[in-house]
Amino acid sequence: MITIDNLEKFYRTEEVQTVALNKLSFQVKEGEFVAIMGPSGCGKSTLLNILGLLDDPDGGSFVFNGTEVSGFNERKRANLRKHNIGFVFQSFNLIDELTVFENVELPLIYTGVKTADRKTRVHEVLEKMGIMHRRNHFPQQLSGGQQQRVAVARAVVNNPKLILADEPTGNLDSSNGNEVMDLLTELNEAGTTIIMVTHSEHDAKYSHRIIRMLDGEKVTENVLV
Amino acid sequence: MFRNYLKLAARNLMKHKTFSFINIFGLSIGLICCMLISLYIYHEYSYDRYHEKADRIYQLNNVFIENGEERSHATVPAAMAGLLKQDLPEIEETTRLLRLWEDDKTLLKYEQDGASKVFYETDGYVADASFFEIFSYNFIDGNPKTALEEPNTIVITDEIAEKLFGNESAIGKQIRVSSSTNGDHDYTITGVFQPHLQPSHINARFFLSVRGGDLDEFINNSTTLLNNNMFYTYFLLKEGTQPEILEAKFPVFIEKYIGEELRARGSGRELFLTNLKDIHLNSEIAENVTPPGSLKYIYILGSIAILTLLIACINFMNLSTSRSSKRSVEVGVRKVLGAEKRTLIWQFLGESLIMALIAFVFAIIFVQFFLPVFGQIAGKEITLALNQKAQLYLLFLVLAVFTGFLAGSYPAFFLSSFKPVKVLKGKFSNSFAAVSLRKGLVVVQFVISIVLIIASVVISNQMSFLRSTDLGFQKEQQLVIPLRSGQAKQNYSNLKNSLENISEITSVGGSAYYPGISNPQDWMMYKEGQTMKDAKTVYINQVDESFLQTLKIELVAGRTFSREFPADHWANMVLNETGVSNFGFSSPEEAVGKWIAFDWEGQQHRFGIVGVVKDFHFKDLHIDIESYGFILNTDTSPNYLIANLGAGNISNNIDKIESAWKSFIPDEPFEYSFLDQDFQKNYQAEDRLAKMISYFTLIAILISCLGLFGLATFSAEQRIKEIGLRKILGASSANLVTLLSRDFLKLVVISIILASPLAWYIMNQWLQTFAYRIDINWKVFAFTSLLAVIIALVTVSFQAIKAAMVNPVKNLRTE
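Protein chains in written order, with the working numbering: chain A, -13 to 211; chain B, 8 to 822.
Be aware that one or more of the hints could be misleading.
[Claimed, not checked] With a straight-line cut-off of 30 angstroms between C-alpha atoms, the simulated DSS-like cross-links for lysine-lysine are:
{"no.": "1", "chain 1": "A", "residue 1": "9", "chain 2": "B", "residue 2": "14"}
{"no.": "2", "chain 1": "A", "residue 1": "147", "chain 2": "B", "residue 2": "22"}
{"no.": "3", "chain 1": "B", "residue 1": "333", "chain 2": "A", "residue 2": "105"}
{"no.": "4", "chain 1": "B", "residue 1": "22", "chain 2": "A", "residue 2": "100"}
{"no.": "5", "chain 1": "A", "residue 1": "204", "chain 2": "B", "residue 2": "116"}
{"no.": "6", "chain 1": "B", "residue 1": "116", "chain 2": "B", "residue 2": "180"}
{"no.": "7", "chain 1": "A", "residue 1": "105", "chain 2": "B", "residue 2": "14"}
Calculated directly from the structure, the hints in this document are not laboratory data.
Put together the whole structure using the sequences plus the hints.
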């Protein structure tokens, strides 16, 4: 599903050029659950941003579903993103002014789904995540775990092929964290590819494969399953 | 999607109440100012547009060329209209209008069955019978075509008709009209009209027929095409006639009739046409039937309207962008979920549009409320009725939508350009460019406010200078009583004698005119050894022997008139100092004993100079002092009696004067005015401008401060962690207040530096319209700067103090 080859990314300030990704290469097959680990500043998040089409690499190739996407313009990237990729963030990133229902509904609006269909699908997903009863609440009225469920619901409502999770349990206590990890596992078992950046060895164990990075390079790769 | 935005916008409004309030309140006030001023400008532009034949109606104007100087006038001699019509086939019809120039009020009297109704009316005119053929008047009774054809006929407004006759028909009734200009005569009412809602430069409340009054003979027998330039003359041009074609024929006409005479006098004359619709605003002529509007004031007010709205828009931009850190996550999330930049731009524009529309609704409501007050300040009857001005409402809606776009455009582009990678990582920081722009916009706001403050101060200084300047005569305690009817004039001497017996009254005098009102009489005069070719204009006032003493005009050489010298009557003159130097006398003493003269119908009329008085302001301070001569007239009674009340109790004295009036002239109401107040009326336009500018200045400052307050609030919020840390490290509250206020004060100081020269330039231009004016003092700038700093400091420090007082532990915990 994803093939990256010699991927490079540099950050420049006026005086120094920092290498964020240094000729990184790996593949992720459809249906896989991959965890990416490494110390702060090793390039995990940069990698995730490029995989999520939020950022452009400076060199190398990125093939998504058989299409070379590095060099896509903003519009093409947005289009590819909204149909294929769901995001889960450490800090949930829900819109405070929208209710749970409306937050989850948002991706469907941008992909042009009709109102009646939207309602059905949002309700399905909320039911699945066990937060249907909270659908008219605003994010700040929910606990952290509940907020992250909403975020996951929002990430999957469009049935994306790929979910990118950036430390999804980072802001949660362990029991809420486990619940979210169980949710992701369920989704993966249902066929969704998941790439997750994490600091937690515990969370990483949920995955099939762990890629460890240091200074923008892949150091090891452990297959767990 | 649209509903989603709407919902979001509504929730954003409710959630951030301070922000919403500042924006909606600011935008409402901006729109209200804009709307009020637009209505004023619309009113000024709507003069005379309702006349059906307006496109073909032209006023004939006159240019005097003397000693290379050109002076334009709206009036021409009586005979001009007829001769031009006779010679030029392009003219379909002409009409002449003559103001009852010596009446600021005319006495109307209706007698029936021994009872009588008497009152003063303003704005009376003498008009040709063709007047209503050319101009469209809304007759509710009578036939406009024939109304002024018969001698001694009068057309009145419905209001006067109601005052005189109640619900009875006015047509055919006879009233007595007593006028200083046109004499005492009976008139039959032949028409009643309802004045148009839209304004006209002709503000007449009644029209008298030419025939039947004292002026009849003067108007109909006057053949001169040079003198007595006092008739407003209008032409109705034939369909399809270009005014330029007609104007091109005027020089030939002038040459044919008065070419030779003009050459003998060494002067020139030109004629030109002004379209009816241009008379009020687009004419170079300073005096017309009613004082024309001023394009300059329209530009000033228009600029103020735009600037106030701009200030409100800037508030919106600044508050939106400063709040951007809060909205950055939303932008990031939406982009990650597939929103394109374009979609987000529309979302943010939509939000500002909603605010603008809410502001619009408030503005429309409050405009209705403020309109009467504003009308009073502006001195205009401005109305806003839906049926009449639907387009105007539509225009306001467009204005509101435009405001929404203007205010929302920058935030929309700014917010929608956020990179989700950055903002979602919480790395959001206001870019240098955004912060600089915000500061720049605050400076723009304060520059506008400071310029307005300086303008208000300069205008008010000039106005008080005008009020306090020594006019060269005593303007206080001078009671002016107009003498209109024959009866009043006949009793002048009796009245004067009886007032002189009231002990507090120091002196009583009479005159044709008095300082501050129009002085239409002037003669072209020359001195001994010269001819009419060298003649210079001298303004003339006919007075009685005690007028100069009553006004306390100071004598510098010779003597004034008095009862001891009855032979001064129509033979001698008291000249002012400017007259002395204009005629080339080396000193006042030298002028005394000499004569000046004018030629009339081949005869020389000499006036011996018996005295010279110090220069005084006969006209207001817009105008330079010109040559001025008093002549003694003991034959005809004056138009005005002026009593110097001295230091006594004014109301007590007025009571005494009134009872004297009643004893001699029992049938007429006693009316009076005070000379200083009459003089002040000349500054009405400036007084109104001053008032309007000062109100709008207050509003501009208010909106600016609101914006500054909002920015200070957000700045304090954003720096809350920094403030906490500084406090823990030992900063005092005073240190922190200084820290938070300093940035804003810097901007105010920059604004002062930019605004001062700009304001100086603009106000200096304005002052040039006065012949006598103040210099703009450095104190004005010092005062304004201090004021601006204080206002800004108060606004900002409120938030700064609040932020500095909070327990630092609490601040640090918010992270």
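Evaluation of the provided hints:
1. A:9 / B:14: Roughly 46 angstroms between the alpha carbons, so the hint for residue 9 of chain A and residue 14 of chain B is violated.
2. A:147 / B:22: violated (37 angstroms)
3. B:333 / A:105: holds (29 angstroms)
4. B:22 / A:100: Holds, at roughly 29 angstroms.
5. A:204 / B:116: Between residue 204 of chain A and residue 116 of chain B the Cα gap is close to 110 angstroms, so the pair fails against 30 angstroms, i.e. violated.
6. B:116 / B:180: holds (11 angstroms)
7. A:105 / B:14: holds (17 angstroms)
Going through the hint list in order, the structure does not satisfy hints 1, 2, 5.
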